[in-house]
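Q: Here is what each chain is made of, one letter per residue.
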Amino acid sequence: MTPLAASRLTLTGIGLLVLLVVATGHGSSAMPPLRVIAALLGEGTRMDEVIVWTLRLPRICLAVLCGMALALAGALLQRVTRNPMAAPSILGVTDGAAFGVVAFLWVFSDAGNSLTVSIHWQPMAAALGAFAFAGIVAVMVRLDPAGKGPLRMILYGVALAALAKAMVTLMMILGPVYRASQALTWITGSVGAAHWSDVMILAAGLLLCVPVLWLMRHDLRQLSLDPESAFSSGLSTGRSQAAFLALSVLLTALAVSQVGAVGFIGLIAPHAARLLHGQFTPGYLASTALIGGALLLGADTLARTVAPPLELPAGALTALVGAPLFLWLLMKGRAVHA
Amino acid sequence: MQDAKLLTKTIGNVNRPTMTHPLPAHLLWLFLTLAISAAASLHLGLTVYDPATVLGALRGGDETEASLIIATLRVPRTLIAMTTGAALALSGLLMQTVTRNPLAEPGLLGINAGAAFAVTIGVTLFGMSGLFAIGLLALCGAVAATALVFGIALSVGPAAAPANTLLAGVTVAAMLGSLTQVMLLIDETAMESLLFWLMGGFADRGIGPLWIGVPVLTLGLAGTLLLAPALDALRLDDDSARSIGVHVAATRLAALGLGALLAAGAVAMAGPVVFLGLVAPHLARRICGPTPSVASHALLACLLGATLAVLADIVARLIVAPGEAPIGAVLALIGVPVLVALLRKRAEVAL
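Here the protein sequences come in this chain order: L and A.
Each step along the first sequence adds one to the number in the numbering used here, with nothing skipped, and position 86 is 86.
All you need for the numbering used here is the position in the second sequence, starting with 1, plus 338.
Think of the hints as simulated: they come from the structure by calculation, not from any bench.
C-beta: ideal position from N, C-alpha, C; glycine also.
Any given hint could be a false lead.
Claimed, not checked - Rough simulated footprint, nothing fancy, chain L against chain A, three-plus residues with beta-carbon under 8 angstroms: (1) 404-417; (2) 518-531; (3) 542-555; (4) 620-627; (5) 672-678.
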């Protein structure tokens with residue numbers, strides 16, 4: 001890594017840390033950054049430490065980690081599909097995962113409205129739903145008489161996402177109220193209720209992905225070549241594409257099972273990282289993850305502080321940034337046909 | 339091979355006996371279907387009434403609970419469903435014809451979302467209320483969203499127009515939906531009433547919205563029939579339309595304006611409802627062949643849209659009884675397969 005790239009990456013990391021401290025300070029009782037840092041380091045008052053460590057930090061860590069997972073998923077999808085407009089929420093993966101979660105809550109709750117199996121199966125259900133919808137989109141693109149254009153994939157994704165959303169809504173109403181309130185967060189996404197155990201699951205999942213990405217980093221780079229060159233440079237294109245797709249779907253499912261269907265992070269973060277670093281530098285994925293974490297954290301913090309006690313879903317705010325970006329990409333046009 | 343297939347297809351369509359005298363027969367049976375659906379809509383629901391009760395309620399006079407429910411709840415929602423469905427179908431048809439894009443539809447293109455956003459702004463920021471103000475706001479929003487979406491799609495270039503218009507529309511709809519959510523936070527009292535309306539649906543809206551819906555639908559239908567010859571000519575391509583004396587730009591603007599007006603009327607009545615404008619014209623095309631004249635296509639699409647809306651409304655109140663499913667979720671179950679089928683048609687959505 002060149003010194004310049006390294007320093008940019010460090011700056012992004014520092015930016016995320018600053019945001020983290022600011023976000024921890026914001027809330028119903030505001031705390032200046034110094035008190036937050038003191039509490040984080042275990043030097044603050046008892047009261048501050050309770051607020052920081054048990055009330056705010058789980059939610060903040062969850063937002064950062066989910067943002068990272070969604071951003072990485074987006075970066076992988078864009079690389080594998082060679083389509084700068086691809087993102088888990090646009091290809092129907094996010095809503096598929098949400099469908100998996102709601103279906104899980106629906107099937108496995110008893111008459112008393114409590115779950116009959118452990119809630120920790122929820123990420124598994126999200127993964128199943130995400131894989132199912134990603135698979136349907138892939139099959140539709142493959143069967144499409146017009147061939148595999150980058151736009152076709154997105155069109156089918158948009159259609160399937162609408163279907164998944166409708167099924168989520170219907171299932172929420174079909175189920176008792178308890179399920180609806182549990183499932184409600186998955187419509188637009190929210191990191192409202194967070195516990196350290198959720199954070200641990202997510203962190204473990206992300207940590208598992210890192211060595212895989214590291215081992216396959218050359219494949220990922222070769223994939224950005226055109227198909228022929230990638231093949232002739234010794235890459236087994238199909239296999240690595242499948243592997244990265246699976247990884248991307250898993251990361252999405254992991255995030256969605258915790259915070260719901262937050263859209264557009266997987267679209268915004270890779271593009272922001274590309275602006276900062278260029279997409280072929282070693283720091284690209286790392287900075288994508290950092291930016292994704294910062295994005296979701298920023299959106300969630302805004303969402304809970306803009307009009308207390310009401311809370312916006314974080315997904316509403318990410319859409320405000322992501323939708324114009326998508327339109328801009330669409331208008332740039334040429335990139336899509338590359 | 340492909341050409342031969344296409345040729346047989348075309349010949350098949352020309353030979354289809356329904357091409358010469360199809361319209362009255364089609365209109366008749368569609369009208370009957372609509373009448374049966376509407377009658378079913380009065381009978382079915384959380385409590386199912388027998389025909390005698392329904393007839394009694396329609397005649398008025400008796401003050402039983404049953405006739406009260408039928409007269410004040412079921413009749414209005416059936417009428418609103420019919421008007422909204424017809425308006426959205428017509429709006430979708432106009433947009434599809436004028437842009438030669440089978441995917442155009444006020445819901446998917448974000449035009450309903452634009453109308454809903456404008457109404458939300460008016461209510462939360464300026465405290466506007468009243469049916470007329472809401473209708474006017476919806477119209478402003480719908481026109482602005484139409485201009486925005488088609489403007490974006492045009493700037494992308496005509497090569498991939500249908501797909502780009504759809505993507506631009508879906509994204510604009512997502513953005514406007516988010517903005518609407520943000521606006522709702524400003525005024526909590528408005529939020530209560532707006533949230534219900536923003537869900538989209540035909541229930542519990544009273545008979546009042548028809549004062550907007552019926553004139554808008556009448557105006558839209560009359561305008562469409564007036565524009566029909568020019569629209570027929572536009573279906574080929576701009577140059578041949580121009581050569582037979584059609585003002586291409588003016589016709590296109592007028593038709594898009596009518597489409598926006600119809601969508602605004604529908605949104606003012608029932609909130610944003612998606613997919614109806616996509617499915618109804620498509621089904622109409624299935625019934626009367628791929629290239630019906632615009633006038634007959636419009637009539638068929640209106641009837642089909644009204645029928646679909648009433649049927650979807652019946653499904654919405656039956657599948658999750660005693661609750662009510664949002665009409666958008668029910669319509670998506672029909673609309674998505676139609677959308678996918680349209681995407682798979684190579685000839686129409688060439689990329």
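Q: If a hint holds in the structure, say so; if it doesn't, say that too.
A: Structure-based check of all given hints:
Remark: the segment 404-417 of chain A is not confirmed as covered by chain L, as 0 of its residues place a Cβ nearer than 8 angstroms to a Cβ of that chain, below the required three. For the segment 518-531 of chain A, the stated coverage by chain L is satisfied: 5 residues place a CB nearer than 8 angstroms to a CB of that chain, which reaches the threshold of 3. Beta-carbon proximity to chain L at under 8 angstroms applies to 0 residues in the segment 542-555 of chain A; the threshold of 3 is not reached and the given coverage is violated. Counting residues of the segment 620-627 of chain A whose beta-carbon sits less than 8 angstroms from any beta-carbon of chain L gives 0, not enough to reach three: the coverage restraint is violated.
Under a criterion of three residues with beta carbons nearer than 8 angstroms to beta carbons of chain L, the stated coverage of the segment 672-678 of chain A is upheld, 4 such residues being counted.
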